[in-house]
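Make a model of the complete structure from these sequences and hints.
Okay, here's what each chain looks like letter by letter:
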Amino acid sequence: MADINKARPKEVRVEDLLRLKRAERPDAAFWDNFDRELHQRMLQTLVKKDPWYLQLLHGVSSRLAQTAAVGAAAAFLALIVIRPVFVDSSESISSAATSAQQAQQAQQAQQAQQVQQVQQQLATSSLSARAIEIAMSELDTEMTPDYQIGAISTVASASASASASASASDLGYVQDFAHDTFEVAVYESDAYLIDSISFASSIFATSLVY
Amino acid sequence: MANSGSVTKSIIPAQEQTVSERDLDWAIIQRVQAGNMGAFDQLVQKYREHIFSVIYNMTSNREDASDLAQETFIKAFQAIGRFRGKSSFFTWIYRIAINHTITFLKKRNRRRFISYEKVDGEMSNSEIFERLTSKNRSEKGALVSELQEKLNDSLQKLSPKHRTVVILHEIEGLEHAEIAEITKVSVGTVRSRLHYAKQQLQSYLQDYIG
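Here the protein sequences line up with chains A and B, keeping their order. Per our numbering, residue 1 is the first one in the first sequence, and the count goes up by one each step. Per our numbering, residue 1 is the first one in the second sequence, and the count goes up by one each step.
Rather than coming from a laboratory, the hints here were simulated on the basis of the structure. In this text the structure is predicted, and so the values were computed from the model without any measurement. We put the CB at the ideal spot given by N, CA and C, even for glycine. Take the hints with a grain of salt, since some may be wrong.
[What the hints assert, rightly or not] Okay, the calculated bits of chain A under chain B, using three or more residues with CB under 8 Å as the criterion:
hint : region
1    : 12-25
2    : 32-45
[Unchecked claim] For each label pair, taking beta carbons as the anchor points, the in silico distance ranges come out as:
hint : chain 1 : residue 1 : chain 2 : residue 2 : range
3    : B       : Ala39     : A       : Val70     : 54 to 62 Å
4    : B       : Asp207    : A       : Asp27     : 28 to 36 Å
5    : B       : Gly35     : A       : Ala74     : 29 to 37 Å
If you want it as structure tokens, here you go:
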């Protein structure tokens with residue numbers, strides 16, 4: 001049996017052929033060069049600085065960086081809160097003055113426009129005395145261009161105040177207002193003065209009621 | 001072990017990867033992690049031939065294999081701080097080498113540059129080679145070159161996954177379980193790939209088999 005096996009050569013298998021690959025080995029000189037190159041490359045790796053994104057990644061992952069990030073956030077918030085202190089005060093004053101001036105100019109223009117509107121309404125004479133008074137009261141005295149203050153004597157028996165007294169008596173109030181004079185704004189036209197006086201007195205009486 | 005003379009002894013069999021071997025590696029790694037960079041050289045000396053062998057058989061190019069093996073050790077050196085010893089260093093560095101090589105092969109795409117390693121003199125004196133010589137009745141020197149070319153060419157025809165399994169099992173002598181751990185697939189998958197790869201190689205190398 002043993003002689004038969006010995007006489008018959010073994011078959012070559014794939015595994016046997018592949019094991020021959022183990023014989024492909026570099027010599028000692030190759031390994032010397034390999035070690036030298038490897039040491040150089042490892043030294044370069046140690047010296048070489050990582051790219052910024054890797055540094056950032058490492059930094060973010062570390063606790064120290066987290067603490068720094070919290071500190072930076074706190075500093076940023078503090079800067080936002082304290083920032084007005086560092087702003088130049090003269091700049092803020094000048095800017096405030098400029099804005100105030102602009103606002104005043106706008107206000108003046110608006111008031112002038114209102115005056116012009118009142119003038120137009122008076123010219124048409126279609127407004128009632130009450131509307132004129134309301135319109136006049138809306139005007140700012142500072143911006144009213146050429147008002148004249150005049151003293152007008154009032155007489156209780158005047159027909160102009162008749163309506164006012166009547167309304168007061170209806171309410172059961174004693175008409176005890178005896179103003180000698182009323183100071184009213186006299187505008188260009190004197191035609192509506194009497195009406196405005198009577199209207200003013202009626203308003204005054206009403207205000208006394210309340 | 002790395003500098004042993006015989007072909008078979010130069011391979012680390014799976015059985016030799018005992019607990020004590022793993023502990024020895026872990027002790028060296030701890031020294032490296034503690035800042036002793038020189039200790040890493042011991043790991044390089046121990047595993048450089050195996051890493052080179054795997055990469056060389058994967059690429060069939062000695063220059064590429066040298067570069068990739070160096071880069072594998074550099075990668076391991078850079079990442080050794082994160083190595084926690086869950087797997088053996090042997091498994092870990094093999095995985096780095098294979099992943100790095102497969103990435104390289106994908107980048108290289110279809111371009112192939114063959115650069116064979118010198119065949120060890122013991123190959124021509126091996127029993128298998130004697131059988132091949134008697135079977136083919138060809139001159140030893142010519143047969144060595146022919147067989148080397150044919151073997152490398154056949155391996156390159158396999159897909160990287162199948163090539164990896166064949167190289168690790170048939171040339172490096174690793175167990176199925178170890179290959180499964182390195183390649184992160186199941187043992188069944190390893191066996192399946194190995195079976196398929198052998199069938200393919202059998203068809204490529206049929207002139208030498210039998």
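Results of checking the hints against the structure:
no.: 1; hint: 12-25; verdict: holds (count 14)
no.: 2; hint: 32-45; verdict: holds (count 7)
no.: 3; hint: B/Ala39 <-> A/Val70: 54 to 62 Å; verdict: 38 Å, violated
no.: 4; hint: B/Asp207 <-> A/Asp27: 28 to 36 Å; verdict: 30 Å, holds
no.: 5; hint: B/Gly35 <-> A/Ala74: 29 to 37 Å; verdict: 35 Å, holds
Taken one by one, the earlier hints fail for this structure only at number 3.
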